[in-house]
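Since the structure of chain A is provided, determine the placement of chain B on it from the hints.
2 protein chains.
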Amino acid sequence: MFNKIVIFGVGLIGGSVALALKKLANPPQIIGVGRSEQSLQEALSLGLIDQAVTDIASALENADLVLIAAPVAQTPAILRTIRPHLAAQTVITDAGSTKSDVMVYAQAELGDQFNQFVGGHPIAGAEKSGPGAAMADLYIGKNVILTPAETTSPQALQKVAALWQQCGAIVSNMRAQEHDSVFAAVSHLPHLLAFALVEDLAKRDNAELLFKFAASGFRDFTRIAGSHPEMWRDIALANKQALLHELNMYQQAVTEMKTLLENNDDEGLFNLFEHASLARNAWAKSKIQS
Amino acid sequence: MFNKIVIFGVGLIGGSVALALKKLANPPQIIGVGRSEQSLQEALSLGLIDQAVTDIASALENADLVLIAAPVAQTPAILRTIRPHLAAQTVITDAGSTKSDVMVYAQAELGDQFNQFVGGHPIAGAEKSGPGAAMADLYIGKNVILTPAETTSPQALQKVAALWQQCGAIVSNMRAQEHDSVFAAVSHLPHLLAFALVEDLAKRDNAELLFKFAASGFRDFTRIAGSHPEMWRDIALANKQALLHELNMYQQAVTEMKTLLENNDDEGLFNLFEHASLARNAWAKSKIQS
Numbered sequence: 001m002f003n004k005i006v007i008f009g010v011g012l013i014g015g016s017v018a019l020a021l022k023k024l025a026n027p028p029q030i031i032g033v034g035r036s037e038q039s040l041q042e043a044l045s046l047g048l049i050d051q052a053v054t055d056i057a058s059a060l061e062n063a064d065l066v067l068i069a070a071p072v073a074q075t076p077a078i079l080r081t082i083r084p085h086l087a088a089q090t091v092i093t094d095a096g097s098t099k100s101d102v103m104v105y106a107q108a109e110l111g112d113q114f115n116q117f118v119g120g121h122p123i124a125g126a127e128k129s130g131p132g133a134a135m136a137d138l139y140i141g142k143n144v145i146l147t148p149a150e151t152t153s154p155q156a157l158q159k160v161a162a163l164w165q166q167c168g169a170i171v172s173n174m175r176a177q178e179h180d181s182v183f184a185a186v187s188h189l190p191h192l193l194a195f196a197l198v199e200d201l202a203k204r205d206n207a208e209l210l211f212k213f214a215a216s217g218f219r220d221f222t223r224i225a226g227s228h229p230e231m232w233r234d235i236a237l238a239n240k241q242a243l244l245h246e247l248n249m250y251q252q253a254v255t256e257m258k259t260l261l262e263n264n265d266d267e268g269l270f271n272l273f274e275h276a277s278l279a280r281n282a283w284a285k286s287k288i289q290s
Numbered sequence: 001m002f003n004k005i006v007i008f009g010v011g012l013i014g015g016s017v018a019l020a021l022k023k024l025a026n027p028p029q030i031i032g033v034g035r036s037e038q039s040l041q042e043a044l045s046l047g048l049i050d051q052a053v054t055d056i057a058s059a060l061e062n063a064d065l066v067l068i069a070a071p072v073a074q075t076p077a078i079l080r081t082i083r084p085h086l087a088a089q090t091v092i093t094d095a096g097s098t099k100s101d102v103m104v105y106a107q108a109e110l111g112d113q114f115n116q117f118v119g120g121h122p123i124a125g126a127e128k129s130g131p132g133a134a135m136a137d138l139y140i141g142k143n144v145i146l147t148p149a150e151t152t153s154p155q156a157l158q159k160v161a162a163l164w165q166q167c168g169a170i171v172s173n174m175r176a177q178e179h180d181s182v183f184a185a186v187s188h189l190p191h192l193l194a195f196a197l198v199e200d201l202a203k204r205d206n207a208e209l210l211f212k213f214a215a216s217g218f219r220d221f222t223r224i225a226g227s228h229p230e231m232w233r234d235i236a237l238a239n240k241q242a243l244l245h246e247l248n249m250y251q252q253a254v255t256e257m258k259t260l261l262e263n264n265d266d267e268g269l270f271n272l273f274e275h276a277s278l279a280r281n282a283w284a285k286s287k288i289q290s
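Respectively, the protein sequence lines represent chains A and B.
For the first sequence, full-length UniProt numbering gives the first residue as 1, with consecutive numbering after it.
For the second sequence, full-length UniProt numbering gives the first residue as 1, with consecutive numbering after it.
No wet-lab data here; the hints were simulated from the structure.
Misleading hints may appear alongside valid ones.
The list cannot tell twin chains apart, which means a pair is met if one copy fits it or any two copies do.
Stated by the list, open to error - Derived pair list, reagent style EDC-like, types lysine to aspartate or glutamate, alpha-carbon separation capped at 20 Å:
id: 1; residue 1: Lys128; residue 2: Asp220
id: 2; residue 1: Lys258; residue 2: Glu230
id: 3; residue 1: Lys258; residue 2: Asp112
id: 4; residue 1: Lys240; residue 2: Glu256
id: 5; residue 1: Lys22; residue 2: Glu150
id: 6; residue 1: Lys287; residue 2: Glu37
id: 7; residue 1: Lys287; residue 2: Glu267
id: 8; residue 1: Lys128; residue 2: Glu274
id: 9; residue 1: Lys240; residue 2: Glu267
Here the structure is a predicted model, which means the values were calculated and not measured.
Bound-form chain A, shown alone:
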């Protein structure tokens, strides 16, 4: 289906797409483009890409698809460098964690070729990053959300869906704004809450004592507070409105819980904890089975 694919950013996300495609019976030629010469050389030597290219014009020549898997802040600049060399049959997609902002960038930078752009978000990640962290099976059974605009070409949408299906992913479509409100709730909110908890404890006078006795519950709750600060600053700002809404809803939920506790409402607390634990355990079970 694909003869030539160009990947901007050959780290964990882009590199794992490359490795998955390399396993196909007829793998496409994969061209890597990146800011860091070192990453490109590493991607070449690991066999993620067939060629590392700095000349955008030659990279894009006869390309079926361009995947932008660099930090989201670079997306407008990358789109700008692509635009002059973008043929009518080349489809562009990205892998950023927020989608409304990316759709706005793409519309601004691609103009009348915006219909060739499909926003995308693979719900997969790992602790590590860089080309060395790439895995052929990263996307198997994982969700990928595509966020076409009303004007997006159906052929472009179908090509991008095929790309991710070839990597083993389950593809869903959503409007960019719906994507951003869903992920504000299930991903961005917990990340900010985990950062807030660690910071709340880390800046106290007795932080050392507290951390000494923090155990496995704290470890799991705060794992995502070890995430990349620059990436999360960008996500928070890009999805500011939805995230502020979520933070307000959450503070309301905590206030309600505090009221139960202040009133010694043992039945109310039990019901809340039971409802939450049943929901959480049912969710975990459904994820194992799926």
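Just chain B, lined up with the frame of chain A:
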């Protein structure tokens, strides 16, 4: 050191102590006492205990140590049944997650024998519960906090410390109130925050959609929201004041983070996320090395 130990509650916590002691060169006789005949029979058949006893008088005869490892709500009643049969050389300890309440119960129920009681909290747990979940190595390298009162007999304290050291644990002493404020921050607060997040999402109209796209970050953050509702209701109420203080501090921290976001303060957000992620990752590293 110990000839006879009595364990009230032969589940994960009590059963794991029993298994660890069974591995000693000269293991003590271990007597199990419990509400559930089924659990006692299971503990017997698994070899956790040498004898299951319902007659408290004969259980306590010549006992060196009594470990109360039943749900904390049962502690006053257990102390009451022990008191009439408590010899001067028998030391009592417990394994509850809150300590100020337990020390108050013990003082009320044991009267002039309160100096034979040492509050204890092993910082170890597992997903599973019951005698079948017991593991001989559960406490190896784990923290156990003992909370003697000013009047506690030094010999009693030393015996309880020895018990846990024989299980491989690292023993620290603290006042009960200090214990409860430390654990309000590093354990009870994250548990309540995780319950609140799941409940916040689970009761929405689009909960099914949200849970569909919740992934590994959500999974780890909410793992502790799958905890036992009855146990956590009891812990929350037992440690109410410290926990309300923590919930207020946390809401303040979230409000400060919201202000940074409202003001598009990219530098402030970056600094907060970076400080938190450095602290979290340094903590995780120290725990692996220790």
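### Query
Which earlier hints turn out false for this structure, listed by number in ascending order?
3, 5, 6 and 7
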